[in-house]
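**Student:** One-letter residues, chain by chain:
There are 2 protein chains.
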Amino acid sequence: MSGTPRAAGGSADSADASSLPRAAGRPTAFDTDLVRRRMLIAGIAAPLAAALPGCATLDGDTPMYGLIGKMRAAPGQRDALVAILLESVHGMPGCLSYVVAADPTDADGIWITEVWNSADSHKASLSLPAVRDAITRAKPLIAGFDQHIETLPLGGHGLTRAG
Amino acid sequence: MSGTPRAAGGSADSADASSLPRAAGRPTAFDTDLVRRRMLIAGIAAPLAAALPGCATLDGDTPMYGLIGKMRAAPGQRDALVAILLESVHGMPGCLSYVVAADPTDADGIWITEVWNSADSHKASLSLPAVRDAITRAKPLIAGFDQHIETLPLGGHGLTRAG
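First to last, the protein sequences are chains A and B.
So for the first sequence, UniProt numbering puts the first residue at 1; every next one is plus one.
So for the second sequence, UniProt numbering puts the first residue at 1; every next one is plus one.
Treat each hint with caution, since some may be false.
To be verified - Have a look at the derived ranges for each label pair, beta carbon to beta carbon:
{"hint": "1", "chain 1": "A", "residue 1": "Asp106", "chain 2": "B", "residue 2": "His90", "range": "31 to 37 Å"}
{"hint": "2", "chain 1": "A", "residue 1": "Ala124", "chain 2": "B", "residue 2": "Ala130", "range": "45 to 51 Å"}
{"hint": "3", "chain 1": "B", "residue 1": "Pro129", "chain 2": "A", "residue 2": "Lys139", "range": "44 to 50 Å"}
These aren't lab readings, by the way, just hints derived from the structure by calculation.
Quick caveat, the model's predicted, so the values are computed rather than measured.
By construction, the Cβ of each residue, glycine as well, lies at the ideal position given by its N, Cα and C atoms.
Please build the complete structure, drawing on both the sequences and the hints.
**Tutor:** What follows is the structure, given as structure tokens:
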């Protein structure tokens, strides 16, 4: 019963985390945390699938992988950054959902929500030429990251295979 | 450059806010905040659409409407709550995306991300018989809400009309 908002599920440092896949990230404490969270995801996926036998959205034994992130654009650069983000959202193999949204209460805030058919598909997207090119152009427009939350998507509407 | 997570974009009190539409909500300060945020959404939608002329996902002059929320299930009730949430995600008019996810670091945590073709479509979903029935059955399984963030979705992959 909390009336006070709290950031739950993860945190991000602007230098190390991104809802945009990083083109050339060095191993960091954040990467270690990602590995730990992915192990957690794998660990809870099987019992959840057993509890939801009608859930057809878990792809066999491979759990889906979700990200919810808030990015801060450099002042005045949100529109340009959003345009770049929207360029490369289609055609990423294993991407089931990728939504870019503005924060109506923060002139620089952008929310990105992602669903992938696996953590590996998300990781592989880092190497796509279109994504790498988008990251290169987007980086100078990004001031930082306020939230970076990994989730275990279980199902829903609007999960569409792109490739 | 914040390494500290912060809840941005909105807050929720467990009695007044829900990623599940409320079946019979009384007017609250939270409702007033929603109205204010919707006015903000409407206010920034036009300039954003102008800045993104290639963005086909804004439905004419009506801005899309997004929600990102974290719900806490009563202890041990997450699987049952998720099953109810997943029952009614299909066939809601104007719903473009509705994803239910577990939080791998919080045994009771559920993330729900939603995209609607308008705030009105989201509001209208409150009256759908299947949604009202789901709310009735879900309420006893919900311990509270940790985050409730409204967004202005601008585009992406996986935005699919349900009705």
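**Student:** Does each hint fit the structure? Answer for all of them.
**Tutor:** So, going through the hints one by one against the coordinates:
no. : hint                            : result
1   : Asp106/A x His90/B: 31 to 37 Å  : holds (32 Å)
2   : Ala124/A x Ala130/B: 45 to 51 Å : violated (37 Å)
3   : Pro129/B x Lys139/A: 44 to 50 Å : holds (48 Å)
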